[in-house]
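Enquirer: Here is what each chain is made of, one letter per residue.
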Amino acid sequence: MADSPADKLAEKMATAPILGPGHDFASVTDKISSIVLKRRPPKWWWVGFAIAFALVMLMLYSITYLLIVGVGIWGIQVPVGWGFAIINFVWWIGIGHAGTLISAILLLLRQQWRTSINRFAEAMTLFAVACAGMFPLLHMGRPWLAYWMFPYPDTMKMWPNFRSPLAWDVFAVSTYATVSLLFWFVGLLPDLATLRDRAKNPVAKIIYGFLAMGWRGSAVHWYRHETASLLLAGLATPLVLSVHTIVSFDFAFGIVPGWHATIFPPYFVAGAIYAGFAMVLTLSIPVRKVFGLEDFITMRHLDNMGKVLLATGLIVGYGYMMEAFSAYYSSDQYERFMILNRMFGPYAGIYWCLILCNIVTPQFLWFRKVRSKVGALFAIAMVVNVGMWLERFVIVVTSLHRDFLPSSWGMYYPTRWDFALFFGTIGLFLTLLFLFLRFLPLISIYEMRALVSEEDKKAEGWSPAD
Amino acid sequence: MDIEKNIGGDTSGELTAPHKDAPEQGAPRFWRGLEELADTPEFRDHKENEFPHGANDPDAKLNRRELMKVMAASAAFAGLSGCTKLPTQKIVPYVRQPEEIIPGKPLFYATAVTLSGVATGVLVESHMARPTKIEGNPDHPASLGAADSFAQASVLGLYDPDRSRAEVHDGRLASWAEFQSELSLALGGPTGAAGLRLLTGTITSPSLGDQIRGLLSQFSGAKWVQYESVTRDNFREGARLAFGEVVNTVYRVAQADVILALDSDFLTAGPGSLRYAREFARKRRVENENSKMNRLYAVESTPTSTGAMADHRLRLRASDVEGFTRALARELGLNSVAAPASAPQVPAEWIPALARDLKQHSGASLVVAGDQQPPVVHAIAHAINQALGNFDKTVYFTEPIEQSPSNQWSSMGELAADIRAGSVSTIVILGGNPAYDAPADLGFKELLPKVTFSARLGQHEDETSALCHWHIPEAHELESWGDARAFDGTVSVIQPLIAPLYGGKTACELLGLLSGKGAKSPHDVVRDYWKAQKTDEPRFDAFWEKTLRDGVVAGTQFPPKQVSLKPGIAAEPPAATPQGLEIVFRPDPTIYDGRFANNGWLQELPKPMTKLTWDAVAMVSPKTAARLGIDSSQAVELKYQGRTIVAPVWVMPGHADESVTAFLGYGRTRAGRVGTGTGFDAGWIRTYASPWIGAGLEIRRTGDKWPLAATQTHNTMEGREPIRVATLDEYAKNPKFAQAEAVENPLSLYPDVKYEGNAWGMAIDLNSCTGCGACVTACQAENNIAVVGKTEVIIGREMHWIRIDRYFEGDADGPNTFHQPLLCQHCEDAPCELVCPVAATVHSPEGLNEMVYNRCVGTRYCSNNCPYKVRRFNFRLYSDWDTPSLFGMRNPNVSVRSRGVMEKCSYCVQRINAVKIDAEKQDRPVRDGEIVTACQQTCPSEAIVFGNVNDPNSKVSLLKAKNRNYKLLEELNTRPRTTYLARLRNPNPEIEKSAGA
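Each protein sequence line maps, in turn, to chains A and B.
In terms of this note's numbering, the first sequence has 296 at position 296, counting the first letter as 1, and numbering is strictly consecutive.
For this note's numbering, add 1000 to where a residue sits in the second sequence, where the first one is 1.
Just so you know, nobody snuck in bad clues.
Covered, in the sense of this in silico footprint (three residues per stretch, anywhere, with C-beta under 8 Å from a C-beta of chain B), are these stretches of chain A:
1) 62-71
2) 139-153
3) 161-170
4) 398-407
Not close to chain B: a few residues of chain A, all C-beta gaps over 10 Å, as computed:
5) Ser27
6) Arg224
7) Leu293
Here are the computed distance ranges between Cβ atoms for each label pair:
8) B:Glu1287 to A:Met321: 48 to 56 Å
9) A:Met321 to B:Asn1963: 42 to 50 Å
10) B:Glu1809 to A:Ser326: 29 to 37 Å
11) B:Val1646 to A:Tyr147: 52 to 60 Å
12) B:Gly1703 to A:Phe419: 24 to 32 Å
13) A:Ser331 to B:Asn1963: 22 to 30 Å
14) A:Met343 to B:Gln1345: 39 to 47 Å
15) A:Phe325 to B:Ser1748: 24 to 32 Å
Just so you know, these hints were derived from the structure itself, not from any lab.
Keep in mind that this is a model prediction, so the values were computed, not measured.
A virtual CB, placed ideally from N, CA and C, is assigned to each residue, including glycine.
Next comes chain A alone, as it looks inside the complex (with noise of 0.2 Å):
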């Protein structure tokens, strides 16, 4: 039996490490740290950036357009008030939670294979939410008179609506944004330090000192980075259940069919995780194979991705199935209508196509096979990515278009520039990614140095656990 290759593939894969073998303190430090001072960016880099960048041209050329028009450019109308800005928007806040998740989470669990891949995916998450955080503005008739959903004291003593989902929305996501970017900034200064003591360039010497915020090592500032980190690691955790809480909540909150469910802020937080790891997935993959990572970010990574997603994807599969069921057994004949209407009605073919992505094809994860092959992973994540876009769309647009009054039923579709606007925001994403894979350590070097002596001690025979 235990000759058979499955299973020794499944020995194999349990038993890689996190981290490759025959690497020290210096040679994790060079190989990572290199990557920023020392190799010009590869010719792939430039062209990357070029299209990243040109994207982000066009986000900029469409929100140009829309304050000046108005919102009206986009096929939003009446009953599908919302379109494409609160989709991509759900969409990104979702991909942003698996580097909270993996930052905070596991940091907490201390599952140690998060260590190389946890910088990135915090970048991601900012990224992902500095993408997100811009469609409820922009979605905005008014978007000028935003800071309006801000308690703030006015002379008009106005408020906020506190009983308004888009209320708590406006204090979830920013609080979100803050606490990702402490978390992320923290996190980098020791790796910053060791740039600045590294850079030969007296410009960037200058910028990372700068931005180091004198870090000198001492076991002081150790001990105080272990604290701040843990400290915020604590206060990250619940965000991770709290935001996508709180944006299923703008859905859940209304009254409208294939809205108003209770299921919406379990289900919601797994397909954010599920999306966010998808995303980790997309980017790793590459980013390993082109920087030559594949020893920081070994299968076991990939591995433990590959069967994260499957777990998230069987909950949000099992989400579905409940808006299903409960549609029916409410025996509402709204909830019923909406149900069939997804399935059968004039979006039935994004409905299934959600389906075949989100539940269909991750249960190929089920086996080792398919789970040692980047490649499969890679495509099995991009399906993913999009399925995980469709079923906002599902929710946003299938429920809205049809709901109570026959009357007013209508068809939503998006204009040339509900494309553009969510082509611009992958180009900023992708911009800022590649800026972020340029000027600042992908892997935190200092973690990947722990994680070094752990090793070396494991391998005299001490377990952690001591």
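Assemble chain B onto chain A, guided by the hints.
Expert: Chain B only, in chain A's frame:
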């Protein structure tokens, strides 16, 4: 006041006056008139009253700074300019009014608006001498307080920026004085008098008729041609056939228990329809389950609002209606009527059952024939009414209301022949648009330029003006003196609300010029005419003032006239019904004959049955569409009598099979910025021989698409019963049928709110609503609602605060059709209020769901969460902030919304507050019925009632207490303040039984 004076010092005049005197760039400079040559004090005065630079030149592109300056100037100046804008003659406000003009307080004036010459009395709301809103005149017999969409929209017609502003001679700017001299030259020519033709629309105006008759006697050989494309020739010829003379038929719907409409939309179209709808609705205002109501049968090809109200609707090709009528007449014992060529294809029990029902209600039944049906149908209808003893009970006859009842199409034919023969040297066209709407095969467009001297008085430089030598800008009815008769002969004096914005002339002035007695002002002409008529009035001044105040000339209603039916009506056997695909022409429900094509409100008003906007269609039944392989929104080629036109198809449930209805009024080429290029011109295939109904139409698919903008795309109720319907029998058995599904759950997280004092609410009786859409236009006028255009309607962004939902029930061939006005329900637990993040929509202590535009940031969450989807969003800048002429039209008490904010029905909060302020000043509670919302005010069938629901004796409370009352989507616990009274049907058991079997 000082500020006003200061600004007045350097900027004087009015905002919207035309700058017709400014010479165009490069154009030769003309003197502006004899006044200028003479440099009279009047002229200098006029010159000094010109407006600040740029403001009165409509075409000048103002930059922002200038615009602000002008707006500020005009705002500060509103009071003064208002005074200067008033007509110079004395006009008299309606009933009791404040003693002076108070900014923000409107004055109301009684006057009349006409459609095809026939008057409807209206009250015009005037803010600082700017007419802003039309309401029905309760004292006028054709209105009884109601107004239709055409009347409502006439305010927009007045301020239409595309109205012509200057005399034009062969494409060049000219002047009235030049026209004067040219005209006298033309009339003085060798064939001047005999070659004169006067072409007008239908004229009921006694003073104008008097003037024309005088003119005709002055110019022997001159002829007067009246022409309307939507003519009532059949109505007149039918009377001639039946009685040997043209008489006017007036119905007393209030006394009819059984009504048969023969292809007639008498509830929403035609003279008197407002009154008929009201009387009809009153017979349907069911108190309780033991009440009785009238019964309406409709036999028609094209689905109409009347057909939708009918208890039994039989769809029949328009050309088969004659056969049906003959069969019915014979069934009723009128054996002198020849049998139809072939038995009508109707269910066997229909005609006998109908005949029995009519007979049982002898003297209380009524048969109405539609204007599109041939004269013989009208004649047989008269015969049936007489046989049923309905004369002088449910129907009576009077002298014709037209000044000269004529067969308009044949006189148009004669005119064309005369021009062809060269015997017409001068043609003066007053109104109308014959170059667009004359029968296509008459070639009027080619003939008109052959006339040596042609002049056209028109509000727009349209298709006809383009072919005439002279175009004279016409004053709008709200700018002119005049008079006109209503459907029953009642005369209203039309008084101007405002001096002509664009210096237009009236028909009266042009006729004065023709007769060489030009000096008399239209006011004097009208007044003197009535002075001559009312020689028995001891104090004419008092009479005149009362007439102006009331809006009707007392005692002018025609008395019933005794008529005798000619023997042997329709005795000759009819020709066989023509075979082949039938084509039926009908006036468009909102654009009419095309005269309203440039009116954005009417263009965007959904047509009652199709909910289409901005387009005319070729309407076919589902079966015929399937046979021809065509579908809605496809472009097809209609070929009829050798003429072809491309038209969009609309598959209409309930349309007669093998019949196509084409709506007139679209395809205008020179209508203006709104109307030009919309839709197709059905008139192109409408020939002299078959103005309404023809056969032998050919349809060819083109393979092209023709996108159509319908405001409602889903037509069935999906088993949700937003409209609850029962027959009278079912209602008697189950009086609470409408409330059967009431499952309101009192549980709420929030404490119950107690409404002290007033609590506003509304009840809408679905048993009365005809779906005509007058409320939609009234609301649009009252609340400054923007027009968005066809492409935006296609996306689904129309802005109407009140909409009329239309549902079909039953099979697609012959469905029941129901209408339901839907406006903000003002829920007590409003889902919209909960979700707005900035509290821009909140609840008032009186239970109004209020929208605070200034606070709205435009998340649209409220709209998503509104189960009734009554909220409307300014996705773009829809309100016109740039066209100065439209500024004057707006209701100053309602904000003009900008881009990015949500809006919706406010229950006309500005009206509520106006009344509340008055009541408070007088230290008394608001009286029931004192507050009238715009939709309620204009509703012909009184379907909408508004009031205080805290007062158990208010009209609205009494309605809500009825067992037919139900809340829409009650199960959502929104607790709407707007409730509906269920619709009832009163079917004939004999027909219903067999239909159900």
